[in-house]
Amino acid sequence: MACGGAPVSQASVPYLATGRVDREGRLVEADEPLATLQRENGGEIGGTLAIPELRNIATRAVELGLRMSRSFNALGREERISGWIEAIPDYAGGGGCLLGIASWRAEAVQRGEEEQQLARVRRELDRALPEFSARLDRNQGVLTAASDAADMAELAADMAAGVGRPWTDFVTLPGAIEGQPLHWRLLDGAACEVAGSARRWTAWLDPLGMPEPGSDGFVLTLASEQAAPEVDRTAPAASSAIPSLGEELAPALREPIDRVITQAEAIRSRLAGPVADIYAGYAGDMIDAGQHLLALIEDIADLEGVDAPDFTVALVRIDLGEAARQACGILGVRAQGRGIVLVPPVPGESLWARGEFRRVLQILINLIGNAIAYSPEDSQVWIRLDRDGYRARVTVADQGRGLNAAEQARVFDKFERLGRSGDGGSGLGLHIGRRLARAMEGDLTVESAPGQGARFTLTLSAVD
Amino acid sequence: MSGPRAPSQAEPADHPLRAAMARGDRLHARSSPALHRLLAVEDHSLLGEAVVAQVGGMLADLSRQLLATDGREVDTATSAALAARLAESEALRDHCHALALEWRLALGLEAERALDPVLSPLIQSLVAGIPAETSALAMAALGAQARFAQAQRRMALPLGELPAELFHAALLILRNALPGEPEGREARLRRDYEEGSGRLALLGRLAGETGDLLGGAALAVEEAGVALWLSVLAIRTGETRERTIFAASDRELGRLMLALRAAGAAPAEAERQALMIRPDAQLPRGLHDVGTREAAQWLAEARR
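Heads up: the sequence lines are chains L and Z, in that order. In terms of the numbering used here, the numbers along the first sequence are unbroken and rise by one, the last being 479. In terms of the numbering used here, the numbers along the second sequence are unbroken and rise by one, the last being 292.
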């Protein structure tokens, strides 16, 4: 000690382990257990000191040129480490410092509250890296589904084809009652079986929306403790030289973006613990940006699909009334958020036409989504059915500012935004909609006058 | 996502404990500049507070030590000028202020509870106990605490007892106050500095050890003694030790009770501890609705 008081010999504590950090902050030498902790924190011997608190202390000691002696906490793979470290700057001129571990307590993270915490962390991991995830509306109806596990592809495809139906229709919940899904709290953590997968799955439901959890829908994730079955990777590579966004890139992009959105949702809804409002706001921005990207990818993939020469639709007898009501159900929350009332055809009102239900739903969701986005707040959007001889028509009418003749001429063009930007649109929706309508032997048209709102009409062949 | 207990009927932001904590914090925020002004005037009689004198004494002692490193005579005027510059550093002021309050707390408990400011029951059992490393550590901490008590009685503070950041700050102040000084002296001071042999480091290490060995006893001031108790509380709540001391010296003790709760004490035990520190305190109510995690969360939010 510099001055005052008798010197204490505590400086010469026999260290449990030592390490050396060089001028660049790399841990160039380390005894066990320091070396293992470094690796478990994602570092390596010879690489940057990766244990956060130790790095801070080492940096500080070098900056100040002072021997420091501090407590530290760190996380190993299965243990929480707390201990005491001394950092001794290299006065000989090397520029780094020596680390001496004076005490080291490793606690398996599994007692009482900590066990719950660990369980929560595991759960967060399941959520963060789900093999299957889906977005649900507030009635637990499926909106989107995605999976990167081979044995879950069938479920993802089934759900994609059955958008709007409760997710519980697609899996087997042992001991569950048929019919409406139970309250989400009862289903959260439920075991379930999936057709096409031999693994046991656990379903997690994360409610979205404030103040009533679930008012904005849910994120459904399915997690399994069993490893995914081996996939045959010897399948021949795609022959085309340039990867097509629709067939090859879109699935690959969708999954990481889905993860970003799921993670951001977890942050925004404070599932991983409390966060300040400002960060919840940032998470909201991430979600919006992610959803925009996702929509853009879907649109571009769709566009490639409908532009392809071999694009076909399966024309069957479908009910336009049902499609309109489902589309309104899916967009109800978004409309409510802007104070817009959707007026779908009354239940029981049907209009039968030849088309592909999924595609009609896609067109209507796009039309109603646009109407919600471009209508003034507290206005109404009507969805009307009518039949004129052989033509069945469904019309989406809003009270927005309307389109002039020049705009009406351009509105179906590719990437046409009519001067709008920053609202998350890709400018592809109406173009794709028209292509789809024409593929179904129908058309998508617009009627409007400035100040009078816009009326988009999907026309298909009527059937009895 | 709140703690295991049901939230109180009041809005969390309006909880009486949080309000008390905020009031305590505001008071402390105001008291530090005031203390600065008090230190700037030479006549302390108006303030008459033992604490202020104690802080002034410690800063003067630090100044003397900074100047006396070559064993030469220290001229009083230079020393007083340097002490005044040290007093301008908020961090140094706060640190000395906290130590003075800690010492007063220890004297108060000695008077009222016959608790030895140096040797507490817990330290005694650690010194006598096994394992040997803990015993040696407890012995070293005991020695450091004895020197601290001696130094406080003389209103002194050994330079080497400052935490690294403050030691560094003091050296910078010295460098700026006396620009002509040879550089070698500062380099030697740095080289001789050994944070690990200081009282705060030893208490900190011991606080870590007691977590395993003695669990709850370390959170009872009458067992651990003021010094170790403060270190345990600071480590378990992630607060600075200074802030923990200010919390224990606050009139309402809102922050202290939340800290005890966050450190794992049961509500009744936290209240008992608060009354031990200040028997006449009007404790804010509502601790029984606060879970440990919630308490930790509130402390963390107040830190921002």
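Because the hints were derived from the structure by calculation, they are not lab data. Among the hints, a few may not be true.
[What the hints assert, rightly or not] Derived DEER-like restraints, expressed as beta-carbon distance ranges:
| hint | chain 1 | residue 1 | chain 2 | residue 2 | range |
| --- | --- | --- | --- | --- | --- |
| 1 | L | Glu93 | Z | Leu166 | 50 to 58 Å |
| 2 | Z | Ala17 | L | Pro266 | 37 to 45 Å |
| 3 | Z | Glu289 | L | Glu169 | 41 to 49 Å |
[Claimed, not checked] Here chain Z is said to cover these stretches of chain L; the calculated rule only asks that three of the stretch's residues, wherever they fall, bring their Cβ under 8 Å from a Cβ of chain Z:
| hint | stretch |
| --- | --- |
| 4 | 80 to 89 |
| 5 | 96 to 103 |
| 6 | 110 to 123 |
[Said to hold, decoys possible] To be clear about the criterion: a stretch of chain Z counts as covered by chain L if any three or more of its residues have a C-beta under 8 Å from a C-beta of chain L, and this derived list gives those stretches:
| hint | stretch |
| --- | --- |
| 7 | 176 to 183 |
| 8 | 270 to 279 |
We treat Cβ as the ideally placed atom computed from N, Cα and C, and that holds for glycine.
Results of checking the hints against the structure:
no. : hint                               : verdict
1   : L:Glu93 with Z:Leu166: 50 to 58 Å  : 54 Å, holds
2   : Z:Ala17 with L:Pro266: 37 to 45 Å  : 56 Å, violated
3   : Z:Glu289 with L:Glu169: 41 to 49 Å : 47 Å, holds
4   : 80 to 89                           : holds (count 7)
5   : 96 to 103                          : holds (count 4)
6   : 110 to 123                         : holds (count 3)
7   : 176 to 183                         : holds (count 7)
8   : 270 to 279                         : violated (count 0)
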